[in-house]
Every structure is written in C-alpha cells, then in structure tokens.
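Each chain, written out:
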Amino acid sequence: MSSNLEDLYREVILDHYRSPRNRGELEVPPATKTDGFNPLCGDEVTVYLQVDPETDTIVDIKIQGQGCSISQASTSMMSAAVKGQSVDEARKLIRAFKALMSIHEHKLEGESDGSDLASDLEGVRLGDLEALQGVVKFPVRIKCATLSWNTLAQGLDERG
Amino acid sequence: MSSNLEDLYREVILDHYRSPRNRGELEVPPATKTDGFNPLCGDEVTVYLQVDPETDTIVDIKIQGQGCSISQASTSMMSAAVKGQSVDEARKLIRAFKALMSIHEHKLEGESDGSDLASDLEGVRLGDLEALQGVVKFPVRIKCATLSWNTLAQGLDERG
Amino acid sequence: MSSLDVERIRGDFPALQRVVNGRPVVFLDSAASAQKPESVLRAMDDIYRGSYANVHRGVYQMAEEATAAFENGRAKVASFIGAPSRDELIFVRNATEAINLVAYSWGRANLRAGDVVVVSHMEHHANVVPWQMLAAERGIELRWLPVTDDFRLDLTNLEATLDGARLLAITAMSNVLGTINDIRPLADAAHAHDALVLVDACQYVPHLRTDVAAWDADFVAFSAHKMLGPSGIGALWARRELLEAMPPFLGGGEMIRDVRLDGFTTNDLPWKFEAGTPAIVEAVGWGAAIDYLEALGMDAVRDHEERLTRYALDALTDRFPQINIYGPQDVSVRGGAISFLFDDIHAHDISQVLDQHAVCVRAGHHCAKPLMRQLGVPATSRASFYIYNTEAEVDALVVALAEAETFFKV
Amino acid sequence: MSSLDVERIRGDFPALQRVVNGRPVVFLDSAASAQKPESVLRAMDDIYRGSYANVHRGVYQMAEEATAAFENGRAKVASFIGAPSRDELIFVRNATEAINLVAYSWGRANLRAGDVVVVSHMEHHANVVPWQMLAAERGIELRWLPVTDDFRLDLTNLEATLDGARLLAITAMSNVLGTINDIRPLADAAHAHDALVLVDACQYVPHLRTDVAAWDADFVAFSAHKMLGPSGIGALWARRELLEAMPPFLGGGEMIRDVRLDGFTTNDLPWKFEAGTPAIVEAVGWGAAIDYLEALGMDAVRDHEERLTRYALDALTDRFPQINIYGPQDVSVRGGAISFLFDDIHAHDISQVLDQHAVCVRAGHHCAKPLMRQLGVPATSRASFYIYNTEAEVDALVVALAEAETFFKV
Ligand SMILES: Cc1ncc(COP(=O)(O)O)c(C=O)c1O
Ligand SMILES: Cc1ncc(COP(=O)(O)O)c(C=O)c1O
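Protein chains in written order, with the working numbering: chain C, 1354 to 1513; chain V, 1354 to 1513; chain H, -9 to 400; chain Y, -9 to 400.
Hint data in this document are derived by calculation from the structure and do not stem from the laboratory. Keep in mind that a hint or two might mislead.
[As the list claims (entries may be wrong)] Here are some chain Y residues pointing at chain H (derived, C-beta under 10 Å): (1) G40; (2) A53; (3) M123; (4) A126; (5) I223; (6) V321; (7) V323; (8) A348.
[Stated by the list, open to error] Computed far set for chain C versus chain Y, every beta-carbon distance over 10 Å: (9) E1359; (10) D1360; (11) E1380; (12) P1392; (13) T1408; (14) V1412; (15) G1418; (16) R1444; (17) L1446; (18) K1451; (19) E1475; (20) L1479.
Fair warning: this is a prediction, and the values are worked out from it, not measured in the lab. Just so you know, even glycine gets a beta-carbon here, dropped at the ideal spot from N, CA and C.
Hey, can you work out the whole structure from these sequences and the hints?
Spelled out as structure tokens, the structure:
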C-alpha cells in the first residue's frame, strides 16, 4: 500500500467509516432536516438538527444517507464534533474545517496564498478532524469531505 | 501577374465586368422579380424575367445589384445566354453551368467523381461561359459565379 | 486472439505511454472520454501551424484551406454514420447541445401542453433534463420506458407508452449498463404512432458501425471526444425536411442569409444551425479520428470489444463472488462499459485504490441518476473499453480490486 | 520603434512562417481569427499526450490533472478580464453562444412584449440576431443607436433611446470600423434607466486591458480564437446575482445537482450553465494564450497596435487618393481593424489579387449587414493587425493594392 493512500485513509477515518456515530433520524419538528447532494458522485446526506432556542445549543444531531468512506467518516466526525456545541461554536468549526480543506484547492488554482484561510483556523481545536487533512492532496475527494459540513451550515442558516 | 490569377480573370470576364449586358429593370407584372443573396460576402442580385407564356420563351431579362467582377460577369453572361431561349433550354443551361462549377467543389470533399455532373454538361454549348471554368480553382468564388444562376432558377420555379 | 493489432494501436496513443504512481497507465474510462491517436493530434497541429484562418468568408489561400479542411471533416462525420447528405450534419459542442438544439428548436415549435415525449430509465441526463425543462416550461408530459431486471429496455407496455407520443428520445447504448437498444423496431413502433425518434448515439457511434438511415431515425446526437476525436465538438444529424422546417436555434454570424434592421433570413443547411465561429480545428481532428477508425474497420473494433468485454465479465465474476455487475451478461447485446459494486465498498474508494495501481475507472452516478435510483445504488464503479485495451489490463484491474478488498475489509 | 519585440514574437507563431504563392504570408486577418503561438499549441498537445480525461468526475490522477488544468484555464480567463470571481466565468463555444445564452436565459425570463432592448448600428450579427429572434418570439422592441458620419456612436438621442429600456447590448469595439466605444459612461446611462448592460467584447479583450468591474458591465461576451487561443471556446462573464437568478440554458450532465423522474435541480456556478463535456483542452489552450499576452503586457500590445494602425492609415491614404476608409482617423479611439473601399473595385477582387501577394485580408460584410447598409456599401476589404504584424507588412499591403489598381483599371 502506498504511503499516499495511507495519508488519505488514516486509521481514525476508517474507524468512523466502519462505526459511524449519530446515525438515525430525529422527529421533525421540533428538529430540522436538511438534504445535501454531491453532484459529482451522487452521494446524499441528510442532517437532522435539534437546537435548543434558549441556549442556542445543538442538543442533538442525527445523520442519514450514504457515501464513500471519506464522506461517511467526515459526516460522523462532524456530528461528534458539533453535538453539544453552541451554534456559534459550530459555525466557527465549519469555517475552520472548510479552511483546512480548501487551502490546497485555492493554491492549486493560484488565487489565494491561504492567509485568509489561516485566520479561520486560528484558535479552533479540530482534534480528530485533522486526520482529514490528507484529503487535500486528492482534490476530487474534498467535496466528499465537505458535503456534510455544507449541509450542516445550510441547516443552521435555515433555522427560523 | 501570376498565371493563376489570369486563369480566373479571363479577358472575356473582364469585358463583361466592365460592360455588363442587360442591366436595368422590367415592369412587374408582367415581368417577375427575384432577389438573390450571397450570405458570405453580402452581394445581392435582382433578376427580372419576362417569359412569353405561349412559347415558354424568355423574351426579356434585366439585372440589378452589385457584386465582384466574377459575380457581375457571370450575371451578364447568364443574361446574354438565356435571353431568347426557351425555359427548358435555360434550365439545361443552369444545370450545365452548375455542373461546370461544382465538379471541382465535390471532388474536393471526396463525394463524387463527377460522372453525374458530366452528363449534365453533355450536349450543352456553353460558349463564352466556359471562361468561368477558371473559378473552380478558387472555391470561395464559386458562389460569386453561381449567385445569378441560382436566382434565375428560383425565378423560373416561382413563375405561376 | 484479437481482430485488432492492439500493440500497434497502443503505440499510436501517446497518453497510453503515461506512467502514474510508478506504473504504466491502465485507461479504462473511454466511455467518459477516449484518448487520441497521434494522427488526430497531428491533423489539428498541422492546421494551426499553416492553414489556420476563420472559415467561409476569406478570399485567400489559408482561409480556403481551413474552410476545405473544416467542411471535409463534416463530410467524413456525415459519411461515417451513413447520413444521406453532409448538409444534414450540424456541428455543435457535444451530444448534449445536439439534444438541446432539438428540444429548443423542434420542441418549442412543435410541442404543446399535454404532448408526450417518451424517454427511458436508462437515459443519460443529456437526454432527460432538456425534456424536463420543456415539461416545466410547456407542460409536455414525460413518459418513461422502464428497465427490466436483466438490465434491458422493458418493452411490455411500449404500445401504451407510445400512445399519443410526439417523440421517442432513446439511447442506442447505455453508458452505465452497456445495454444496446435495438433502434429500428423502436423507430418503427414510434413512427406507427406518428412520433419522431431521437437517438442518443453518444456511446454507440464510437463502437459499432452506425447507419442512421437503417435505423430510420429522425435525430441522432453524438460527440467527437468519445471516438478518438478532440474535446469541444459534437454533432446533430437530422433528416433534411425536419431541419428545413425547424426555426433556427442560436442567432448570429454564419447562420444568416440576410440581416436587416427589421429582421433576418436564415442560411442554407447545415450553416442555418451554426452560429458564430465554429470549432474549426476540432472538426479537422474529428475527421482524422474517423479516418483512424475506418482504417481499423468498425467490425473489427466491435469484435475486439465484444471479446474483451466477455473476458472481463468472466474475470471479474470468477475472481470476486461479492461483485455485483449492473448490465447484461450476454456480450452480443452490450458494449464494453461494465458498471459494478464491490461488497459495500463505495465506488469512490474503489477508484482511489485503483488509481494507486494506475488503473483509471469512473466512479459515481455517470450522469444517470434516474437509473441509479431504479437500481437502488447511489454510485457504481465503471470500467469501459476501447480499441487500445487489452486482456492484461483487465488482469491489472482484477489485481487492483483485490487490493481494495483487502484494504477496506471490515 | 515598437514597444513589442515583434521579430521575436513572430518566431513564436508557426503559421507566420507559411509561404503562399511563393511569398511569406502577410496575415492581416486577425480580427476574424488570430494565429496561435507555439506555447498554446504545446499546452494543448501536452494535455492530450498525457493528462487527458473527462473532467470533474474522475477519481484518478489523469482526470484530476485534466480537471485542474481546465479549471485553471477558467481562472486565467476570469482574472484576465478582471472578473471578481472565476465562478462567474461560463465557458461556451464562442461569443455568439454567450450572447444567445443571455437572450435565451435572462431574456426569456425577464423580457415581455413591449420591453426595449437597445443595440447599435455597428453591432456584429451575433449581437443583433439573438435580439431579433426574441423580438419575433416575444414582441420586444429593438431600438438602434446610430453611427455618426465620422464612424462613432451617435449619442445625441441616447437618453430618449434608453427610455424604458431593459438592456443595452453594445460592442466595445466594432469589427468593421475599429471604433472603440467608451463603455463606462454608456453603462452609467443605461443603469440610470434601470437597464442592464451587455458588452460584446469580442474585438476588445484581445487588444486592450479589460476590466469588467471598471466598465460596470452586467454581461460580457468574448471568444478565445481572436486572442491567440484555440477555436471552439468562448466565454460569458456575468455578475453572480444575475447568473444565480437566471434559469439554466442547456440541460444535461454537469449542470445538475440532482435529477429525479419529476425534475432536476441545478448545480453551483459556473457549472450550472455548462451542460455536457466542455471544451476541456481548449480551455487549457486559452489559458496559455493569456499567459502569452500577459507576458507581453496589454499596454505594450495596445501601444504596438496604435502605432501600426497610425502607420497603416497614413500609408494607405498617402499612396491611394481613391481609397475610402470606413472608420475613425484618430487612433486613440480605434483598434487595428481598417475597412476600406478602393475605387469601384469589389472587395472580393481586391482580396483575390492580394492573395497572389500572400496578403490575407477579409472581404465582405463582416457579419455586420445593418452597418453595411448604413454605410451604403455591400462589402469592404478589411485589414486588421495584431501583436505579430509589422510596418513591412503594411508596405506589402500597399504594393499589392497598387497591383490590384493596375489590374482592374477600366
Ligand atoms: C464584434 C464581434 N462580435 C461577435 C463576434 C462573433 O464571435 P464568434 O464568431 O467567435 O462567436 C465577432 C467575430 O466575428 C465580432 O467581431
Ligand atoms: C449515453 C450518453 N449520452 C450523452 C452523453 C453526453 O455527452 P457529452 O458530454 O459529450 O455531451 C454521454 C456522455 O457522457 C453519454 O454517455
């Protein structure tokens, strides 16, 4: 196995892929439901969100849909990372994660030196999520990794 | 002057170009009037036709419009060639002239060996018109030479 | 024993000499787009290096050469599909634009609310979305021919489905299943209902001898890039009477006879449907691609692909009991596109591991989401073959799949 | 002294080494289509020889390389015209298709019977016929800005003409007259009337530094083939909000997010407007053309062309009292396209004699018949310049014209 491939498929990723966290549905309402598509490969994800309006906290999150190991693992890790977090913290995490993914994408096309993105990453603890950084070497797979995050962002935006 | 160019601009062509025959208009009706366009260069020609219904003979023909020397000369030679001819003879002449023009065009694109075209030429006396054969070496100019002939054909078709 | 001299052919394709991840590339994605032989690259380069100019309007030698080369490309494409006249061959960007041209021009002039267009569940998005757009805009009804359990067109209700139809828009070969549809009887059935027939021949023309007259088709769409030709050009063939009656689609230079302040008149066929500067050099490249295919002979091309497909189907099913192939097993009714699922491993992950072995396959929905939903899968892997593929490459695919199996084993 | 090292530049263009009728070619037809430098040919050839695959869907290295190269081409084109985002840059076949895209998508969604679209008498058919089609179909009104006796846009009645207008569709540089229109004030005037502004920048982008934001334009159309790039590709730039609100134009693969039996949803920009396999390699070639132009610097390009145009205007009028030039004499307000009539000699005949001298000029109506009728001429000859043309070539034109004069003298 080439080291290249192991960069992509880190152990923690394969673990989330094999045992995805927070699979299931939530009752709508009170929860909200948001669908995401990856137009390139046909993957679909559904994010159920339960936000406590008092504390503005994501009290529960459930995930449905299918996808490749990267998409599944990223979704699972995302759900674990934002569950129990405030909406603000979740948004910060989304920005940080997309920065992690897109630094390379932008450099490739010569538009950005990544400095704006770096500021999005500052002070955010990504933890396990950093394992997904290997994805940036495989540009097509970035959309696999970001699908659930974009869907989460859309879900947060659409809340009342 | 290259011999190439003299192939195209034969003396008889320049003569018709400089002194075009049958310029003018006819009263419509009884005459018919047909417009032709060369979409490539913008040239326009108008053919006025007076056909005697009894004898089915082109008793008069007049030409208006402008164009390059080839188009002008071809138009002038056409008018001289068909004036006084029966409609049948004029149609034969049209076929023969287009055969003269298109043998090369077709060969160029590898579709025809010209044998059908040869039969159109058989038994038709082209006379001066043969001077226009030099045009086939200049494919773009073929449309200049055939514009008035196509317009004549259209005029004959549209007659009541 | 192949009927093609594949080793010689491979030598003609520079891209097949490519090394990826330390291994010679195994290109099994020709159904998405084929590689190009030297002769095609040279034909295009030659034009650019000495006979390039805009076409149709220049009275100088380079422009005449460019025009002749461009129109010569058209004549070759027309004759390759058995078109009665090259005037019926309209150059467009790709098969997708060809179908949209029909939907916009013929469709909007002829279809009214309630009129029926029949498509099938195995259509590429190119032959679905233009009709859905017309359905949304005009209220036409879209009816679907289903697919059987053995991945063939389900014709059980053909007559009822065609009842009242104005158009049958159908693929000659599925880019997912590989299934070949027998066009002539479908065209006869459609014509009996006074419906016209549009054939999406994108996957067919590159691989089998095509005769639009024998099909009795009305419209045929296909692309150069899947048949050794360049990107950026495709064609619509249609019967002359239809093209003459249809209103123009795109407006601009080249497609006009005259323009006045108060309106315009259209040019003769085929230029009536070609607005603006066309894909000049691409038409020349396409002509060279056709010369290459004709020198091989389309019967030999088909024969080679049938054998290779048989070999691949056997190799995959023999080695991997857990493989699920979406497409007919009978190679006489299919082309060389083999879609499969492998255990529960997602097509993207398969493809990624294969890439480490320099094996190139496609992964995803293959622009056929309605079909994928019928099959109940979000994505498949697809290996597809062309004249330059070998049994050794199929073996390389098998080896790479075995590695994916190991890597993702739960 | 030119600001460009023209001799070095000429060495980069293989087609300029061509010999016609025993003489080195004098290519004065770049306004129709420009020749291509080695670097453009090589960039395209390189892709075909080792990094070619269909874009956007392949999970393997060659497909990733092709996709990156293609999208990199887009980024270069977008940045060359000062587009705020490459997502606003839609690849099409040519400028003509770009304008049609706006007419079909934005036009049909926004224009109703009686709505006014303003164009000018100096428009190319590409910016006339799409609006005439909409006029015939939808009953919109087409209003014309005239041209003054000194070949400039006549703005006397601009305000009245814009009254009630929804769109001003105007060329940035006439391909017949060479006239440059000052877009920013026109855009301001149009916007003050709540009209949008479409700029046909086909002749402008190749020759002058372009900044769509400084223009405050809403839509901008142009083609690769006039700016050293390949045939088969062009672009529409438009403001993001407009593109987001517009319905899709062509339907098919790539432009969708999801397709179900009962309908589809559209993809993100720019792909929403790019149906089917795009002109992949052409986008790469266009990127290389832009690299070439940027290395020269667009200010130097403009400077060279201004000088050469001045030289040509002087040379022609000094030598030939009987020449009639249709276009401004002031080179600061015009590009390098010089249209002329020579005595009564028809442009075709001029062109034919010039061809014997290997001098390539265009002859005809230049796809601007409304303008030709205003000028009262059926056809003109047009010599046009680009970075690789020299004063010696202008001299060759003069010599060839003198011969035409002799030959056709009555
Ligand atoms: C001013 C202008 N507009 C539009 C066009 C059309 O460009 P294309 O043929 O590349 O679509 C041209 C080129 O002939 C032009 O000069
Ligand atoms: C069956 C079928 N139809 C249509 C298309 C669309 O072809 P293009 O992308 O060249 O327009 C394809 C190619 O992907 C195809 O396989």
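Hints versus structure:
About 5 Å separates the beta-carbon of G40 (chain Y) from the nearest beta-carbon of chain H, less than 10 Å, and the hint is met. For A53 (chain Y), the interface hint holds, the least distance from its beta-carbon to any beta-carbon of chain H being 7 Å, beneath 10 Å. Against a cut-off of 10 Å between C-beta atoms, the interface hint on M123 (chain Y) holds, since the closest Cβ of chain H lies about 5 Å away. Below 10 Å, beta-carbon pairs count as interface contacts, and A126 (chain Y) has one with chain H at about 7 Å; its hint therefore holds.
Residue-level restraint check for I223 (chain Y) holds (minimum Cβ-Cβ distance to chain H is 6 Å; threshold 10 Å). Evaluation of the V321 (chain Y) hint against chain H yields a violated restraint, the C-beta minimum of about 25 Å exceeding 10 Å. For V323 (chain Y), the shortest C-beta to C-beta distance to chain H is roughly 25 Å, which exceeds 10 Å, and the interface hint is violated. Look at A348 (chain Y): its Cβ gets to within about 8 Å of chain H, closer than 10 Å, so that hint holds up.
Against the 10 Å criterion, E1359 (chain C) stays outside the reach of chain Y, whose nearest CB is about 17 Å from its own CB. Once the 10 Å rule is applied to beta carbons, D1360 (chain C) is consistent with being away from chain Y; the minimum gap is 14 Å. In this structure E1380 (chain C) is separated from chain Y by more than 10 Å, as the shortest Cβ-Cβ distance comes to about 25 Å. A beta-carbon of chain Y is positioned within 10 Å of the beta-carbon of P1392 (chain C); the least distance is around 5 Å.
Residue-level check passed: T1408 (chain C) sits 34 Å from the nearest beta carbon of chain Y, beyond 10 Å. At roughly 30 Å, the least C-beta separation between V1412 (chain C) and chain Y is larger than 10 Å, which holds for a residue marked as non-interface. Once the 10 Å rule is applied to beta carbons, G1418 (chain C) is consistent with being away from chain Y; the minimum gap is 13 Å. Its beta-carbon lying about 21 Å from the closest one in chain Y, R1444 (chain C) satisfies the requirement of being farther than 10 Å from that chain.
Residue placement check: L1446 (chain C) keeps its beta carbon more than 10 Å from all beta carbons of chain Y (closest about 22 Å). Even its closest Cβ contact with chain Y, about 14 Å, leaves K1451 (chain C) beyond 10 Å, as expected for a residue assigned away from the interface. For E1475 (chain C), the requirement that its beta carbon stay farther than 10 Å from each beta carbon of chain Y is met, with the minimum near 25 Å. Separation of L1479 (chain C) from chain Y is adequate, the least Cβ-Cβ distance of about 25 Å exceeding the 10 Å criterion.
In terms of the numbered hints stated before, the structure departs from hints 6, 7, 12, listed from lowest to highest.
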